[in-house]
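Asks: With mature numbering (1 follows the signal peptide of the UniProt record, and there is no 0) applied, the sequence shown covers -22 to -1, 1 to 252.
Honestly, the hints are just simulated from the structure, not real lab data.
Heads up, some of the hints might be wrong.
Unchecked claim - Taking lysine-lysine pairs in the DSS-like style, the calculated list, with each CA pair at most 27 angstroms apart, reads:
| hint | residue 1 | residue 2 |
| --- | --- | --- |
| 1 | K169 | K233 |
| 2 | K204 | K236 |
| 3 | K108 | K74 |
| 4 | K246 | K204 |
| 5 | K30 | K108 |
| 6 | K159 | K246 |
| 7 | K108 | K246 |
| 8 | K159 | K14 |
| 9 | K204 | K14 |
| 10 | K159 | K169 |
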Amino acid sequence: MAFYRLVTVLVLILNIGGSLEAEVRSSIIGGQDAPKGSWPWMAHLNITSEDKNRWRCGGAILSDQWVLTAANCLDAQRRPNWRRSFVSVGSHSLMKASARYVGIDTVMTHPQYRTHSGGYVNDIALVRLKKKLHPSPDYAPVTLPSIDDTFDSSSECWITGWGNIGTNVPLENPETLQQLKIPIISQSMCKAKYPELTDDMLCAGSQDGGMDACKGDYGGPLVCRKGSGFVQVGIMSYGSPDGCGLPGRPGVYTKVSKYLRFINDYIKMDSAEV
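Work out the full structure: start from the sequences and follow the hints.
Replies: Printed below as a string of structure tokens:
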């Protein structure tokens, strides 16, 4: 555990010297209100910086004390103040007091996370909650994929979030969770749009536009059906700097199956120290 904390500190220090080339955008373009309780792993991150700037991201509950999100949401260059930040779980409409609010203990960004060519590489992070979540019908952990799971345009996949519903168009009160069924795009087609794309990323959206994540959604999960349930295939990472839901500019997601060791090793190491 001490090793990972040291790596985290080093990564945060290194990131301070970098530049945020991609806008931290986190709601759903083309979505609709999600039925209450349909996506119980959804988490909402409310981050406040040292200079009191605020931003929001999505996340997915992994266990009773861990949330999975995007590293760009926690980037040290934005000077987040964890004492002023929190995670809400069990939320449906953000303006209604139905959620549980939990403070942030520590964060673990991937050691090789960095900005690159207007996007991000290794854009994945873990958030450790200050208090464990008690069993509740309002929230539950997401299921992770197997390392050999494959999903494509024929898969049933969904994104969810409370972000903008258009470029510079915020979600209206009471800020009800949005959902969108969205197709995965082939790697070759995605790489033609984003040359910096690696095998650790995937794309989802429509060539015609109108289907995308947006400001406030990033860090949230892309889940796809596997059997009778869903597994988290991706983490919303970034998209076009020109706006959300544009034709020919799909969203880019961190491929979760490529980071199972990062996720599992860190959580198991933490559990072993308790």
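Asks: Taken at face value, is the distance from the CA of K204 to the CA of K246 at most 27 angstroms?
Replies: Measuring from Cα to Cα gives roughly 25 angstroms; hence the hint holds.
Asks: Is K204 within 27 angstroms of K14, Cα to Cα?
Replies: Holds, because 21 angstroms separates the two Cα atoms, which is no more than 27 angstroms.
Asks: Does K236 sit within 27 angstroms of K204, going by the straight-line distance between their CA atoms?
Replies: 17 angstroms, holds
Asks: Keeping to a limit of 27 angstroms between CA atoms, is the pair of K159 and K246 held or broken?
Replies: With a Cα-Cα distance of about 33 angstroms, the restraint between K159 and K246 is violated, given a limit of 27 angstroms.
Asks: Holds or violated: K30 with K108, Cα cutoff 27 angstroms?
Replies: 21 angstroms, holds
Asks: Mind checking the alpha carbons of K159 and K14 for me, to see if they're no more than 27 angstroms apart?
Replies: 16 angstroms, holds
Asks: Does the structure keep K108 and K246 at a Cα separation of 27 angstroms or less?
Replies: 17 angstroms, holds
Asks: For the pair supplied as a hint, K159 and K169, is the alpha-carbon distance within the 27 angstroms limit?
Replies: 22 angstroms, holds
Asks: Given the hinted pair K169 and K233, is their alpha-carbon gap at most 27 angstroms?
Replies: 14 angstroms, holds
Asks: With the threshold set at 27 angstroms, check whether the alpha-carbon distance from K108 to K74 stays at or below it.
Replies: 23 angstroms, holds
Hint compliance for this structure: hint 6 is the single one not met.
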